[in-house]
Amino acid sequence: MNQLLAVLIDGLIYSSWLFIIAVGLTLIYGVMKILNIAHGSLYALGAYSAASLAGYWINQGHAPMGSYAMMLVAAILVGLIAGPVIERGLLRFMYGKDEIVLVLVTYAVFLILEDFIKLTWGVDPYFLYQPYSLLGSFDVGNLTYPVYNLVLFGMAVLIGVTLVWVLTKTSRGKMLVAVIHDREMAAAMGINVSLVYFVTFTAGAMLGAVGGALTAPMISVQPGIGAETIVLAFAVVVIGGLGSLPGAVLAAVLVGLVRSAAVHYRPELDLFAIYFVMAVVLIMRPKGLFSVQEARKI
Amino acid sequence: MKRDFTIRTLVGVLIALLLAGPLLPRWAMFLITVSLCYGTVVLGMMLLMRTGVVSFGHGLYYCLGAYAAGTLDVLFGVSDIAVMLLAAVAVTGVVSALLGLLLRKYRDIFFAMLSLAFSMILYGLLVKTSALGSSDGFNVAAKTLFGIRIAGTEFERYVIFAVTVLIAFVAAVCMHKYLASHMGRLAGAIRDNELRVEYMGASVRNTIHVNYVMSAVLAGLGGALAAVSVGHIDPEMSYWTTSGEFVFVAILAGTGNVLAPFLGAFIFETIRSFAYEYSPNTWQMALGTTMLLVIMFLPGGLWSLFTRMRRAA
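One line per chain: the protein sequences are A and B, in this order. Numbered per my numbering, the first sequence spans residues 294 to 591. Numbered per my numbering, the second sequence spans residues 14 to 326.
Some clues are possibly wrong.
Claimed, not checked - Here are the simulated lysine to any residue pairs, SDA-like style, with alpha carbons at most 20 Å apart: (1) Lys-141(B) x Ala-520(A); (2) Lys-390(A) x Val-183(B); (3) Lys-411(A) x Thr-302(B).
Calculated directly from the structure, the hints in this document are not laboratory data.
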């Protein structure tokens, strides 16, 4: 019983994390049809800048609670700088190219940013452990969890609810949906598509960086975290159906629970389980759980 | 009949390499061997790309080939190069024929993602298999060739080099002939318009399946040869970044000719070995920039420079 509870709670925590790292990816794909490998680097950039900025804040002797604000500030800064630079500087010249070519373009950006990170921060790991333990812990039965996990869960819910609210309740969000459905028709109706792309990419980049910043206290921030995370994010968005927000939620929960069950019962299968689910879902539903039927093009 | 430029060049390079081999310094021989292993894999990627599908999981077969070759010694005490290569071909052939049954229905990003999932499954299994060294992998030593002992002799490196050169040569010639054949020419047609190919009475899925298996077997051969020449294998061979590199080199080289993948692999390996030496933290940056430049200004890859020159001449 206790183990089952632990599986559920660990699974939900892991699901929240998966959702946070994957939501920006699915947003960008939904609007721009770009499967952004560089999302992994934005995640890593977020983690590194959060570790540096919040670490600096704490070392300067400021109130440790402020480190959470610093983490967010770092992530937002990364999004606001890297997003526009990548979109305006590169991607806008690539629109209309084949989806696979766009994947390769973002792969190139990923490679460049990986080295940019190594040049800026070096190859030694960074640790930002304070925010993880600062909030204390809570008990469920006889299991103890750091409160930080609740923060993660809260952030996932907050991000998901905000996105749904923006997409369904605000006029700008509805314009975005129009662009998703038919880019050319939306442009003909006077929607500034290039601005929509710009804002979407920046928002997606920011979400990636926020994911990294929130993860920084739980891991050692070192080279390779971007590559490790982006495949997980791929698994989530592909299982959910590329570009689908409800799909991403469902996929995150599914993968999170499966992985946590694997960790508890068959620890040697944890990575295997995730990609096994990915393969099985793709085999059963080639376009993911929530996918839109498309007309066959001639 | 006009004599074939590609075949002539291949034969010329083969003879030159086999003759020059004993004179080459060890590092150059090693560099060429590794590039040819890599080039063999990229040759398969090239075939897939000509068919219009891109696999982001060919590391699966590269790794599978290497492990098929490497585990022979662990399981059965066999370490003959010929048997190791046959094992790699058999294993990758069977696995790709099975997975191909699924993948042949997928296109574009979904083909890329499903193949990525398969390769990550293998990665996930191997990093947790402590009998095979988990994430550290293990060392592979080829001791004989057709029963003749080579390990420890002075010819060891040269024999491995020569085997790699010969296999790469045969693979390139066969691929060249295949691409010129009826079935091989279907690849380009499928990339351009599948529906019309179906109307003409050819099976798109069968062609994609066949090409997929061929490219997988080439990747397996490349992996087994890499295992033999490097002497070490690890699960990283199945990680998505390895598969990404194959795609990268194929794009860089271009898909115009069977010589291109080998040229691309040679350039790639040369830059990599020097970059590791002199500037380990900027070499990916250089790769990424090159890739962007190639995608933007040279969509046909480096090979299109040659064809342009030849046309101008």
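A quick look at each hint next to the structure:
1. Lys-141(B) x Ala-520(A): holds, 19 Å
2. Lys-390(A) x Val-183(B): violated, 36 Å
3. Lys-411(A) x Thr-302(B): Holds, at roughly 16 Å.
Hint violations for this structure: number 2 only, all remaining hints satisfied.
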